[in-house]
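Asker: What follows is the residue order along each chain.
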Amino acid sequence: MTISTHEFRGEAQDEQIKTRSSRASSRIIAKIVSVDLRGAIVPVGALALLELFVRMGWISPYVLPPPSDLYETFLYLAEGPLWTNIGASALRVLTGFVIGSLLAVIVGSVVGLWYSAERYLEPSFQALRAVPSLAWVPLLMIWFGIGETSKIVLIAKSAFFPVYLSLFSGIRNVDRKLVEVGEMYRQPLPVLVWRILIPASLPHLFTGLRYGLSLAWLSVVAAELLAASEGIGYMLSDGRELSRPDLVLIAIICLAVLGKVSDSLFKLIEDRCLSWRDSYATAIGGRPA
Amino acid sequence: MSLLDIDVREKAFGKTIVLHDIKLSLDDSQAAVLLGPSGCGKSTLLRIAAGLDKQFSGSVSVKTGQDGNTKSPPVAFVFQEPRLMPWLTVSQNIGFADGAKYDTGRVNGLIADVGLTGHAATLPKALSGGMAQRVAIARALYTEPRILLLDEPFSAVDAFTRMKLQDLVLKLVEQRGISFLLVTHDIDEALYLGDRIYVMGAGDGGIQHDLSVDVPRPRDRRAARLAELKSDVLTALQAAHVI
Ligand SMILES: Nc1ncnc2c1ncn2[C@@H]1O[C@H](COP(=O)(O)OP(=O)(O)O)[C@@H](O)[C@H]1O
Ligand SMILES: [Mg+2]
Numbered sequence: 001m002t003i004s005t006h007e008f009r010g011e012a013q014d015e016q017i018k019t020r021s022s023r024a025s026s027r028i029i030a031k032i033v034s035v036d037l038r039g040a041i042v043p044v045g046a047l048a049l050l051e052l053f054v055r056m057g058w059i060s061p062y063v064l065p066p067p068s069d070l071y072e073t074f075l076y077l078a079e080g081p082l083w084t085n086i087g088a089s090a091l092r093v094l095t096g097f098v099i100g101s102l103l104a105v106i107v108g109s110v111v112g113l114w115y116s117a118e119r120y121l122e123p124s125f126q127a128l129r130a131v132p133s134l135a136w137v138p139l140l141m142i143w144f145g146i147g148e149t150s151k152i153v154l155i156a157k158s159a160f161f162p163v164y165l166s167l168f169s170g171i172r173n174v175d176r177k178l179v180e181v182g183e184m185y186r187q188p189l190p191v192l193v194w195r196i197l198i199p200a201s202l203p204h205l206f207t208g209l210r211y212g213l214s215l216a217w218l219s220v221v222a223a224e225l226l227a228a229s230e231g232i233g234y235m236l237s238d239g240r241e242l243s244r245p246d247l248v249l250i251a252i253i254c255l256a257v258l259g260k261v262s263d264s265l266f267k268l269i270e271d272r273c274l275s276w277r278d279s280y281a282t283a284i285g286g287r288p289a
Numbered sequence: 001m002s003l004l005d006i007d008v009r010e011k012a013f014g015k016t017i018v019l020h021d022i023k024l025s026l027d028d029s030q031a032a033v034l035l036g037p038s039g040c041g042k043s044t045l046l047r048i049a050a051g052l053d054k055q056f057s058g059s060v061s062v063k064t065g066q067d068g069n070t071k072s073p074p075v076a077f078v079f080q081e082p083r084l085m086p087w088l089t090v091s092q093n094i095g096f097a098d099g100a101k102y103d104t105g106r107v108n109g110l111i112a113d114v115g116l117t118g119h120a121a122t123l124p125k126a127l128s129g130g131m132a133q134r135v136a137i138a139r140a141l142y143t144e145p146r147i148l149l150l151d152e153p154f155s156a157v158d159a160f161t162r163m164k165l166q167d168l169v170l171k172l173v174e175q176r177g178i179s180f181l182l183v184t185h186d187i188d189e190a191l192y193l194g195d196r197i198y199v200m201g202a203g204d205g206g207i208q209h210d211l212s213v214d215v216p217r218p219r220d221r222r223a224a225r226l227a228e229l230k231s232d233v234l235t236a237l238q239a240a241h242v243i
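Protein chains in written order, with the UniProt record's numbering: chain A, 1 to 289; chain B, 1 to 243.
Wrong hints could be hidden among the right ones.
[As the list claims (entries may be wrong)] Okay, derived cross-link-like pairs now, BS3-like style, lysine-lysine, Cα gap no bigger than 27 Å in a straight line:
# : chain 1 : residue 1 : chain 2 : residue 2
1 : B       : Lys63     : B       : Lys171
2 : B       : Lys230    : A       : Lys177
3 : B       : Lys125    : A       : Lys267
To be clear, the hints were calculated from the coordinates, so they are not data collected in a lab.
All chains should be modelled from the sequences, with the hints used to inform the complete structure.
Answerer: What follows is the structure in structure tokens.
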């Protein structure tokens, strides 16, 4: 008979001792740096390869400008219109997202709570949701012209549906057992909503908000590509008209960075608000790995 | 009139009748235990008594205090699971009935009473099963009820924790003069806690047998009289075709 043994060492000890000895602020910095460094391997590697390929003459710089050229273009743009364009797009996203998600929170709560509202509204919402956002653009332009309003409406509409859907299903999926605790105290509906349904559906809601934000960025580009005199989408169409792939690429990189930064900010808020969650994600969040 | 009178003529889920013709009453400072096998309708009966389920024919009457204090319901419930709000701390969970403006003094008193001193700011995810159930008990007592309904409150904890929690509940209700109706499928628990035990049959058999536990408190779990009563209960359960 053979006896096999399986040994493993506790992972927590060393790490805990390490973190305890370091100050909280340096711990946060260490966390950001360690995460960012690993996340940077892929883009940095891609840029290095790209530079190499263009320098070796395997790729024409008119098709794909090398990163060093991009950097020069970036420096040039950074002195002028880049920040105006970023600011214009960010403002549109922010306005549209806030309006769209606020409406979604109101409508989602109503439809989530009242089954009869669901009967009246859900079928229409389902049908509207099936229409691609871009299909609305001509109509929006007829109604609101090519100014800010039509863009904001398009962005708000894009942000609306994910937020609405997540809140709706969040409310419907709240554990009946928790609601019963409130019923035991004869709490009226508004109190139940405020003390149980809203906090319990926050995890769902945050998922929807983050998705809504990403759709808002998507729509701002679509709206600006069609008609705008500033914004990142305008940079894109400008680059195409001038046959300047470097301009287009800078705009794309800006979008990637802005999307990532805004999502990370949201994630930070989410982690703050939902620190009570006892989930797999929060459990591995504290792991060194 | 007793403190709590339950008279369920019939309770059905769809076409299956779960309870019929069940009469049960609870007197002042009485400890009643409902003993029966899984699925016989104990939880359903308790939920009816608590007013959580109104889809039944019959009546439930609760005697309200002479002072006409209608603000807080005189009945509190301890569920099988702790059912704590995961986003609230221990203190906030205990004072849940009053939301954000709960009575800090009363909550702190209860935290000490249930032996959780130092855990006021802990979130439920950091509590063990036994600790969470202590919070649930404190939350039920926060509204200063006259009647406590408990649905297998100790069935999810280990045997040692269970005995401790049983003693805790006995101490707390005695101090406050609360009557309780506890549901269990554990014969020893029924005998240790109850002044009166109602034995329910399987299916919709109703209350097949009831007996008084004439053992003074504090009781010794090893008392010979409890062992004698246990054999009576076993006989009753056998007669009810539960075992
Ligand atoms: N919400 C429900 N819908 C349909 N049947 C139910 C429901 N709740 C309980 N029952 C049925 O009623 C019977 C009694 O359930 P319950 O009161 O939970 O039993 P116990 O608590 O004694 O184990 C069971 O047969 C169960 O299947
Ligand atoms: Mg049950």
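Asker: Taking the hints in turn, state whether each one holds.
Answerer: Each hint, compared with the structure:
Among the hinted pairs, Lys63 of chain B with Lys171 of chain B is consistent with the structure: their alpha-carbon atoms are about 23 Å apart, no more than 27 Å. Restraint check for Lys230 of chain B and Lys177 of chain A: the C-alpha separation of about 34 Å exceeds 27 Å, so the hint is violated. For the hint pairing Lys125 of chain B with Lys267 of chain A, the CA-to-CA distance comes to about 21 Å; that is within 27 Å, so the pair holds.
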